[in-house]
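**Student:** First to last, the protein sequences are chains G and H. When we follow the numbering used here, the leftmost residue of the first sequence carries the number 1, and every step to the right adds one. When we follow the numbering used here, the leftmost residue of the second sequence carries the number 1001, and every step to the right adds one.
FYI, nobody ran anything at the bench for these hints, they're computed from the structure. The reader is advised that the hints may include incorrect statements.
Residues from chain G that keep clear of chain H, each with C-beta distances beyond 12 Å, as calculated [claimed, not checked]:
{"id": "1", "residue": "Ala-35"}
{"id": "2", "residue": "Pro-39"}
{"id": "3", "residue": "Asp-83"}
{"id": "4", "residue": "Glu-99"}
{"id": "5", "residue": "Arg-161"}
{"id": "6", "residue": "Leu-176"}
{"id": "7", "residue": "Leu-181"}
{"id": "8", "residue": "Lys-182"}
{"id": "9", "residue": "His-193"}
{"id": "10", "residue": "Arg-199"}
{"id": "11", "residue": "Arg-205"}
{"id": "12", "residue": "Ala-217"}
{"id": "13", "residue": "Glu-218"}
{"id": "14", "residue": "Glu-233"}
{"id": "15", "residue": "Pro-255"}
{"id": "16", "residue": "Asn-279"}
Straight-line distance between alpha carbons at most 25 Å, and here's what the computed DSS-like set of lysine-lysine pairs gives [unchecked claim]:
{"id": "17", "chain 1": "H", "residue 1": "Lys-1036", "chain 2": "G", "residue 2": "Lys-80"}
{"id": "18", "chain 1": "H", "residue 1": "Lys-1023", "chain 2": "G", "residue 2": "Lys-209"}
{"id": "19", "chain 1": "H", "residue 1": "Lys-1005", "chain 2": "H", "residue 2": "Lys-1023"}
{"id": "20", "chain 1": "G", "residue 1": "Lys-172", "chain 2": "G", "residue 2": "Lys-221"}
{"id": "21", "chain 1": "H", "residue 1": "Lys-1110", "chain 2": "G", "residue 2": "Lys-24"}
{"id": "22", "chain 1": "H", "residue 1": "Lys-1005", "chain 2": "G", "residue 2": "Lys-221"}
{"id": "23", "chain 1": "G", "residue 1": "Lys-41", "chain 2": "G", "residue 2": "Lys-209"}
{"id": "24", "chain 1": "G", "residue 1": "Lys-41", "chain 2": "G", "residue 2": "Lys-182"}
{"id": "25", "chain 1": "H", "residue 1": "Lys-1110", "chain 2": "G", "residue 2": "Lys-31"}
{"id": "26", "chain 1": "G", "residue 1": "Lys-95", "chain 2": "G", "residue 2": "Lys-172"}
Here a beta-carbon is modelled for each residue, glycine too, at the ideal position from N, C-alpha and C.
So you can see what is in the structure, the chains are spelled out below.
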Amino acid sequence: MARITASVYTSHVPAIGAALDLGKSGEDYWKPLFAGYEPSKAWFKDNTPDVIFLVYNDHATAFSLDMIPTFAIGCAAEYKPADEGWGPRPVPVVKGHSELASHIAQSVIQDDFDLTIVNRMDVDHGLTVPLSLICGQVAQWPCPVIPFAVNVVQYPVPSGRRCFNLGRAIRKAVSLYDEPLKVQIWGTGGMSHQLQGPRAGLINREWDKRFLDRLIAEPDKLADVPHLEYVQEAGSEGIELVMWLIARGAMSDQPPRVARRFYHVPASNTAVGHLILENSQ
Amino acid sequence: MALDKPYKGVPGTTIFDAEQARKGYHLNQFCMSLMKAENRERFKANERAYLDEWPMSEEQKQAVLARDLNRCIELGGNIYFLAKIGATDGRSFQFMAASMTGMTQEEYAKMMLQGGRAPGSPVRDPREKQ
């Protein structure tokens, strides 16, 4: 049987990818941020899974306003890094895991989550920046990845509660897969940031830290936080944090072990938060 | 019964909901077209002519020509789409963000280095008279 061994949470700011790709990670501005991920890279080397289920959002790259799926699961064999307007990031092609992805889609749809199945898609910084942060600058990614895109661009985005329950359905689906795969689930985006309008630049450290505390200790209650609170307190783009609840819902009901916690302001316009939670055996 | 939209009261913030997306469909799809290098070249060569290929309102076209991002957002633009105009112009995202706040890029960058805009701090629309 497959099982979820750990969950990883991280912001996915595009400027982080650019800093890595342009060789700027040693600059004073970026040093503290990348230093914060060094222990996570070491952890990942010791805990490389068979598959990563990576929850992220597309930023007007693969999905324009022509089609806006709320939840889209990638079932393809591979995904190319997207050209977001500056040329594609110089990172490896992302290999998928069609068998597990299709299995999860079938199980989760039967549990009433109406996923969109995607068999052709490029992946943008939302997916590749977390991989770069945790896996480093590599010639190929260390394992297959199942991209899971959530609409957090056009409101209304799915509620925290729905995301948390979806995570539970993903957990069940993984546990029903016959091969003994170790699966990590990653939740990305956030933390507080607002990229638009006169209030651009909003950062809310206190709220972010409380979110991290609650994600660890009382995720079921955290799932009740309404959209309005995310918008008011974490900024219009801080609402990406609902995606972290999908990963958290996929974890066991037992308290997790906190393998890593890190918080840093700023990366460009954004507060960066990061957690690694391990399931107890 | 009208739909409940409590987010309308958040200062300095326009939520890109279904109503905004409907208004901004062609504006945002124009932005999306700038993902292709050949379209970026055509736009840069003659902005007005390129915009006239799209069924956008005159107000939307004027807002794009003026690079007035707050106005673009009012008229249905979404920042992830609008960012493609800035990329075409060779502008950083911080430049675009600063332009919406009434700060210079330097002032805005400094605010971010100092921890960002504090929650509850005053919000000023750069288009309002001082």
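**Student:** Checking a non-interface call: every C-beta of chain H should be farther than 12 Å from the C-beta of G/Asn-279. Is that right?
**Tutor:** 34 Å, holds
**Student:** Taking the shortest Cβ-to-Cβ distance between G/Pro-39 and chain H, state whether it exceeds 12 Å.
**Tutor:** 24 Å, holds
**Student:** Does the no-contact call for G/Arg-199 survive, Cβ to all of chain H over 12 Å?
**Tutor:** Its Cβ does come within 12 Å of chain H, the nearest being 3 Å, so this is violated.
**Student:** When you look at the beta carbon of G/Glu-218, is every beta carbon of chain H farther off than 12 Å?
**Tutor:** Non-interface label stands for G/Glu-218: nearest chain H Cβ at 22 Å, farther than 12 Å.
**Student:** Holds or violated: are the alpha carbons of G/Lys-172 and G/Lys-221 at most 25 Å from each other?
**Tutor:** 21 Å, holds
**Student:** Just want to verify: G/Leu-176 was marked as not at the interface with chain H; is every Cβ pair farther apart than 12 Å?
**Tutor:** 36 Å, holds
**Student:** So if I understand the rule, the pair passes when the alpha-carbon distance is 25 Å or less; does H/Lys-1023 with G/Lys-209 pass?
**Tutor:** Between H/Lys-1023 and G/Lys-209 the Cα gap is close to 37 Å, so the pair fails against 25 Å, i.e. violated.
**Student:** For G/Arg-161, is the shortest beta carbon distance to chain H beyond 12 Å?
**Tutor:** 17 Å, holds
**Student:** Checking one constraint from the list: CA of G/Lys-41 to CA of G/Lys-209, max 25 Å. Satisfied?
**Tutor:** This hinted pair holds, its Cα atoms lying about 22 Å apart.
**Student:** Given the hinted pair G/Lys-41 and G/Lys-182, is their alpha-carbon gap at most 25 Å?
**Tutor:** Holds, because 18 Å separates the two Cα atoms, which is no more than 25 Å.
**Student:** Regarding the pair H/Lys-1005 and G/Lys-221, is the alpha-carbon distance no greater than 25 Å?
**Tutor:** Within the cut-off at roughly 23 Å; holds.
**Student:** Is H/Lys-1005 close enough to H/Lys-1023, meaning Cα to Cα at most 25 Å?
**Tutor:** 17 Å, holds
Going down the numbered hints, you'll see the structure goes against 3, 9, 10, 11, 14, 18, while the others check out.
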